[in-house]
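Participant: With chain A's structure known, arrange chain B on it following the hints.
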Amino acid sequence: MRSMRLKGSAEHPAWYKDAVIYQLHVRSFADSNGDGIGDFPGLLRRLDYLSDLGITCLWLLPFFVSPLRDDGYDVADYRQVNASYGTLDDFQTVLHAAHDRGMQVIIELALNHTSDQHPWFQRARRAAPGSPERAFYVWSDTDQRFAGTRIIFVDTEPSNWTWDAEAGAYYWHRFFSHQPDLNYDNPRVLEEMLGVVDFWLTMGIDGLRLDAVPYLVEREGTSCENLPETHAVIKAMRRHIDAHYTNRMLLAEANQLPAQVSAYFGSSDECHMAYHFPLMPRLFIGIHQENREPIADALVQTPVIPDDCQWALFLRNHDELTLEMVSDEERDYMYLAYTADPEARLNLGIRRRLAPLLGNDRRRIELMTALLFSLPGTPIIYYGDEIGMGDNILLGDRHGVRTPMQWSADVNAGFSTAPADALFSRVIDDPVYSYQAVNVAAQEADAASLLHWMRNMVALRKLFHVFGRGSLEILPPENRAIFAHVRRLGDDVLLCVANLSRVPQPVQLELRDFAGATPVEMLGYTSFPTIGATPYPLTLGPYGYYWFELQRFDA
Amino acid sequence: MPEIAQDVRQLIIGIPMGPDADDATGRRASALASATVGENRTVVVARPGGPVSAGDGLPRTGGGVIDVQYTLRPQDAQDVPYHGVAGRARAIHAILTQAHAAGAACLIVDTRAAEPTGWIDGFVQALTEDQADFVGPVYGRHPFSSGLTHGILAPLFAALYGHRLQYPVALHFACSARLIGAVLDDPMWDRGAALPAIEWGLASAAAAASLRMAEAPVLTGTREDRPILGLSTTAAQLLGVVFADIERQVRVWQRVRGSKPVLRVGTSPEHEPAPAVDAAALAESFRSAYRDLHGVWEEVLPPLSILQWRRLTTVSQDAFRVPDSVWARTVYDFTMGHRLRVIPRPDLLHSLTPLYLAWLASFVLETQGAPAEAIDARLARVRTAFEQEKRYLVSQWRWPERFKPVKLRRQR
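As you go down the protein sequences, you meet chains A and B in turn. All letters in the first sequence, in the order written, are residues 251 to 805 by my numbering. All letters in the second sequence, in the order written, are residues 816 to 1227 by my numbering.
This is chain B alone, in the form it adopts within the complex:
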């Protein structure tokens, strides 16, 4: 990685805004700007190009606030990402470009989901005192309400890249000037599949370059930060990001074994109270989907996995458990199916959702009422399963003929 001139004290706080940003979002951006702008800190607000209307409450150039524009492509407006900010990746690129020009680090903030309070200092500390290059967030969310992250994304990132980032996909994250310089010209910015969660690609790029990773708490307050789109579309988008990155970084993740915790700055927020989750309804969703989708799954999963998933359609709720190894292998089989295009990729990505619901039902049934430490320990076992089963993925990746779903319709 080339040496990038960086001033570790300089921080740009970037606020990516989509075309639909409302007045409230604008006001929150303004508030954040006035609360954080100061010596060595600059707020950059990125908005889609076009005339700027007066009176929208957005900060203007001057006083440590920079207003930059990015080009929203027609495709960006059509493919609304799960978080609802069309063009977010292009906005982030515009912000990082500003940071790069200043030799500064950059913290990306989503003003819809976080109060502009003192938590920013944790990121600053990670970037400056701890010299971290990628800083991910730690939220106080209960795992039941962020199952995609805890059940797939975090264990997969740990298994692939060896870093136990709790939220490899998140609306808040920070990059060092060094990382920004390394990724600004990366082809991932032009790959549609990477755009809904560009931060995954930035984190994997940091891991690929053996840069330092850290985490810092984010206080999200009470704002609504749930996905804008449905679960199936959200899952399909996020897994599309991840699978595309796996193809891009094949030379990296195949060298990694095991994982290590990342540096944690500050105190982790307490788990929020567990939301009410109807595990029976989740399990029933899976059973219903099995009737419609088992033919599709047979084009992705091997006979043993199909038998184990089928068994779940008949067991009682007490026995409704998805073994960690089956879950990890299933995700890896979908990774291979995506790579080999065994069925159209959108169909493949959407068809994983009911299996995820089954995993979530199993997880909820197993950990409902358990203390936070026990839930964290249970999630650690999920992560370990992804790491142990990684050889299953590597073996098939290197020798695709070992990928043997029930119905093989391979298109290489």
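If we strip away everything but chain A, and leave its shape as in the complex, we get:
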């Protein structure tokens, strides 16, 4: 007899394919108790805002007990909420309130490493070599093991090994030295981590973002990334989830080349979703070069994935705009194009928000968002980008893109009533992006604001499942400033056309296959001339875009 599986909040098993995900940090979003730090009760009060925006899924950055040396990705207790953000009850209240509004909730599972303050590590460093406790982490008498492994945080970490005097040994870490990697060769580690998974899934969360997933297992003579043993760990986790729960989702964070990332879908037996890391920088390159080729290339090289799997698409997130998965030449181009201020560079990336990257040009922000929404995958909106928030690259590390949400022109941007010097971070107060100029309240009151535009685009995208589920066909018009593609799902056929250039562009699209269909512009519901046997002419304004439904009125 099959055991009863715990149902998730979503009705459909593949709910993530039609989702619009909003990524936020509890700490940065809204402070309810005036201590200067965002918290769950604050988030609770803002759920209606997210519901009105049309968001269907919240992705919460780590909120667990942590010394916060890596903004919570250094977890010291996987089963407790950081007291600064509230209590476990507060989290559950938010979870249920989100579900009541039809929103799913996914949280982080930083499974590759813990904080060095985690009891497992404290116990391990004191345990005898060879003991089960010691074996929770990866130790060595030398810092020369796994020598072929690259360093990820090149700006801060000279080695993947750090000496621990108490243990009398080196420990392995792919990220900061205060984040020792767990040892998945020890079965007890996976056992413990499955206990953590059960703790949160039983509570009702709808998915887990698996942080830093390629680095779980190490082997000599390899890059220690994407190893078969790592995939075995993910498969074991997926089997466990499928056996006990329904309608839950695993999202892989694997900053790798597409072929390697697609391996994390397995045969529908690993993760349901994975980020499409290579696409994002090429969108920025494409719009800067006013040339579709970088975008089209990234999409053409995207491997086919199982039907029930999905790419997660994003423009910006809480980290630097990573350039690890582009060529050296492309990386140099991105630096030259997007980092006039060298302070904006961090590791192999750029620590800026969307609006500053695009010169605060409303047309470019809209175009990039329209591209994000029209490509195959599920879009992720980073908190604040819906109002065009700015950043502060002088705050160090990635803190400049994690500043308080700008709710209003009130003190502290309406984020908190604490004295300004008690805030966890300064609010943005430069002349262009200051909270007095860029905030939710002002944009709510302005029907022409970016927020209203974003809300309508989210609603429009949700209206057409073809965006999340349909096939993709890239059109090759002569004018390379034009990126045009067709999406199809059943009877729904959409034509999306974008002008990547700052000046008006004409284009002739070869649409003979759709002869007899009438393009109906989706935003204004205006019928364009019916498609015939000859190339279809369009003219697009600077950074203009069209989404058309190709309708056949005799249907």
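All clues stand as given, with none of them false.
Okay, derived cross-link-like pairs now, DSSO-like style, lysine-lysine, Cα gap no bigger than 30 Å in a straight line:
#1 A:K485 <-> A:K257
#2 B:K1219 <-> A:K712
#3 B:K1075 <-> A:K712
#4 A:K712 <-> A:K257
No wet-lab data here; the hints were simulated from the structure. Everything numeric in this text was worked out from a predicted model, so none of it was measured.
Facilitator: Frame of chain A, contents of chain B only:
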């Protein structure tokens, strides 16, 4: 849509009864049962739960008649629907549940308004021979006496879902086993706004699933089937049903363009003689209401519409005409106003009634004395206007900032 095991020959004839059903209603139910029960036909009478009193003339379980009970909630008894049968939607759900268990199709009949005569065979034919999934009725009513249906509901249903059902809201209709299986667990049964005319939701669900629609004549005899409540409350309830459904089915109706006739089984009844309608009084009702309500309408309608309605307050009776496009846009503006909650929804729904009266006055003045074919042709032009102006609704729905009433007090 999942495949539902169905026996196309099995038919349940459902009679929903409210708590106030009188002896006459009970006797008519009995008569219907004895006239129709037979091989493959079962009558199900649904009544509110509680002890069944003896001697009320209702059929009992046995002999092809099933008596089922449903739970009447306190709210059902308070919110009396326009047709006067409190809890009708819950009764229908109970009947459909029985049909589903039997894998049968179901015909809902209101015994207050129809003689149990041979017309049932038309519905049976539509369900069995023509494999229809939703069968609506065709009455012989004159359009003057069913203006809400002909002026708003039918053209709106056609524009939204592409099917020219003459009576998308009616006391008689039929569903196939397949449709019943698809809708029994639908959330609409728990939405108060949908309950006064649940058949609209069933018809839209059938359209959404690309199921077959048909129509069959109903002979209503001479029974009183007029709304129990006043026009304003009736209109508010029916439009509440429609607007709630529009929000529910947004992914469906925005894909539909144009409309097609539905399959007609049997011969359409002749129009009954035109009732006496005092168009001047209707127009005057509108003019009086304009003085009180134009401030409310300015929160829903754009300047051009307001000007056109205002013009009607000053023209002579000969020139009293509501252009079809203005009427269609006005209904669509109220749809948007309802969605965006620009004013409290009950106020919005009630405030449409005087505008409807103006439309009805205009329609009567234009078609009085005309032959039935000419009136039908005129109604077809109204429907066409709703279809042509639908892009106005879709455009605003997708970009609510385009909804620009004279006074904007939007609460999103």
